[in-house]
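Visitor: Chains R and X are the protein sequences, given in the same order.
Going by the numbering used here, the first residue of the first sequence is number 12, and it counts up by one from there.
Going by the numbering used here, the first residue of the second sequence is number 12, and it counts up by one from there.
Source of the hints: derived by calculation from the structure; they are not laboratory data.
Nothing here was measured: the structure is a model prediction, and the numbers come from that model.
Some hints could be false.
The list treats identical chains as one, so a pair stands whether inside a single copy or across any two.
Unchecked claim - EDC-like, lysine to aspartate or glutamate: derived pairs with alpha carbons at most 20 Å apart: (1) 25 <-> 84; (2) 187 <-> 172; (3) 187 <-> 84; (4) 187 <-> 87; (5) 49 <-> 87; (6) 61 <-> 106; (7) 61 <-> 104; (8) 187 <-> 57; (9) 49 <-> 84; (10) 49 <-> 106; (11) 49 <-> 149; (12) 49 <-> 21.
Number of protein chains: 2
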Amino acid sequence: MKYCSECGHEVVLKVPPDDHLPRYLCAHCGMIHYQNPKLVVGCVPEWDGKVLLCRRAIDPRMGYWTLPAGFMENNETTEQAAMREAAEEALAEVEILAPLTLVNVPHISQVHLLFRARLRRGQFGIGAETLETALFTESVIPWEDIAFPSVSYTLERFFEDRRHSHYGFHITTWRKTTAP
Amino acid sequence: MKYCSECGHEVVLKVPPDDHLPRYLCAHCGMIHYQNPKLVVGCVPEWDGKVLLCRRAIDPRMGYWTLPAGFMENNETTEQAAMREAAEEALAEVEILAPLTLVNVPHISQVHLLFRARLRRGQFGIGAETLETALFTESVIPWEDIAFPSVSYTLERFFEDRRHSHYGFHITTWRKTTAP
Chain R
12 MKYCSECGHE VVLKVPPDDH LPRYLCAHCG MIHYQNPKLV VGCVPEWDGK VLLCRRAIDP
72 RMGYWTLPAG FMENNETTEQ AAMREAAEEA LAEVEILAPL TLVNVPHISQ VHLLFRARLR
132 RGQFGIGAET LETALFTESV IPWEDIAFPS VSYTLERFFE DRRHSHYGFH ITTWRKTTAP
Chain X
12 MKYCSECGHE VVLKVPPDDH LPRYLCAHCG MIHYQNPKLV VGCVPEWDGK VLLCRRAIDP
72 RMGYWTLPAG FMENNETTEQ AAMREAAEEA LAEVEILAPL TLVNVPHISQ VHLLFRARLR
132 RGQFGIGAET LETALFTESV IPWEDIAFPS VSYTLERFFE DRRHSHYGFH ITTWRKTTAP
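Same shape as in the complex, but just chain R (with noise of 0.2 Å):
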């Protein structure tokens, strides 16, 4: 951030008086720009006992298997966040189950949420953002060719807590030196 996106004029970095760390400072109107972590919300679409997996068109890991996840928009909420994330990227319609895990990323400032979810119908198709959509049943899981630790995380804590006919709400942190 170089200008104060209220009156354009060049802002500066420094911590405000009764604050702890550095924002961007409009000395012309006052502004103090915060900026804060993202949310990105997705689900583990189910169909059949098999999970619905999405391969990745554009960067970062293009190529790669992911679940339907994206950014939160403002004026949703997280259910409406994933059953659009999966519209989107796997032209699915999905009934959100229950929140599954809460993965921290802090080194790229953000907190991904993912939810069990049952496919409506067992239709699907390709999004914008994907190559390919399968679906998937555990045995064949392409593990060493999944997007993000997030999702495989997600998908290790799906199958293990159906083994166990319990759902739980996992939470972990993401640290950058097991980033792929």
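Given chain R, work out where chain X should sit, using these hints.
Guide: Structure of chain X alone, referenced to chain R:
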């Protein structure tokens, strides 16, 4: 947003190619300025069967009681955010135990995430944004003077789960019609 924060030229609000929502676009440098929901993170600090609440010294809802919580910062985890907010608002050192509630607040583009926590050594104080801090047993919680529906919801779930000796993870949506 009126000006591009990267180059200082005026922005326009329009739907970019391959997108579905209006964004602030800079015709000069091409930057797309996305705006996304913010995470508010906090905890229910428990000590000796009681829960620590803070009376707000700032608006919104000045004078009303809340759990220590606030905007998550870049490059921290949700647990770190909850610990930091307890330290800032109640001068309290807490041990984060598990996520307890997630409250969608779509009308102000927020997501509230509250953890269960243990107050270390039972010590606390009064932070800069707090008028008063106190430990409450369930029977004396000032339900009529709670600052936000997400705080009431979290306290209700906490006491209910504690009665059953089993803590879950609970999700709800705070709609505008129920706002104070």
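Visitor: Indicate, hint by hint, whether the structure satisfies it.
Guide: Hints and how they fare:
In this assembly of identical chains, the alpha carbons of residue 25 and residue 84 lie at most 20 Å apart only when taken from different copies (15 Å versus 29 Å within one copy). In this homomeric assembly, residue 187 and residue 172 never come within 20 Å of each other (Cα to Cα): the closest approach is 26 Å inside a single copy and 35 Å across copies. With identical chains, the CA atoms of residue 187 and residue 84 are at most 20 Å apart between copies only, with a shortest distance of 17 Å across copies and 25 Å within one. Proximity of residue 187 to residue 87 under the C-alpha cut-off of 20 Å is restricted to the inter-copy arrangement: shortest distance 13 Å between copies versus 29 Å within a copy.
Taking the shortest Cα distances, residue 49 and residue 87 sit within 20 Å of each other both inside one copy (14 Å) and across copies (12 Å). Taking the closest pair of Cα atoms, residue 61 and residue 106 come within 20 Å of each other only inside a single copy of the chain (15 Å); across copies the shortest separation is 38 Å, beyond that limit. For the homomeric pair residue 61 and residue 104, the shortest alpha-carbon distance inside one copy (15 Å) is at most 20 Å, but the shortest distance between copies (44 Å) is not. Taking CA atoms no more than 20 Å apart as the test, residue 187 paired with residue 57 passes in neither setting, with 30 Å inside one copy and 32 Å between copies.
For the homomeric pair residue 49 and residue 84, the shortest alpha-carbon distances inside one copy (10 Å) and between copies (10 Å) are both at most 20 Å. Taking identical chains as interchangeable, the C-alpha atoms of residue 49 and residue 106 are never at most 20 Å apart, the minima being 24 Å within one chain and 25 Å between chains. Proximity of residue 49 to residue 149 under the C-alpha cut-off of 20 Å is found in neither arrangement, the shortest distances being 30 Å within a copy and 34 Å between copies. Taking the shortest alpha-carbon separations for residue 49 and residue 21, neither the intra-copy value of 25 Å nor the inter-copy value of 25 Å comes in at or below 20 Å.
Of the hints listed earlier, those the structure fails to meet are numbers 2, 8, 10, 11 and 12, in rising order.
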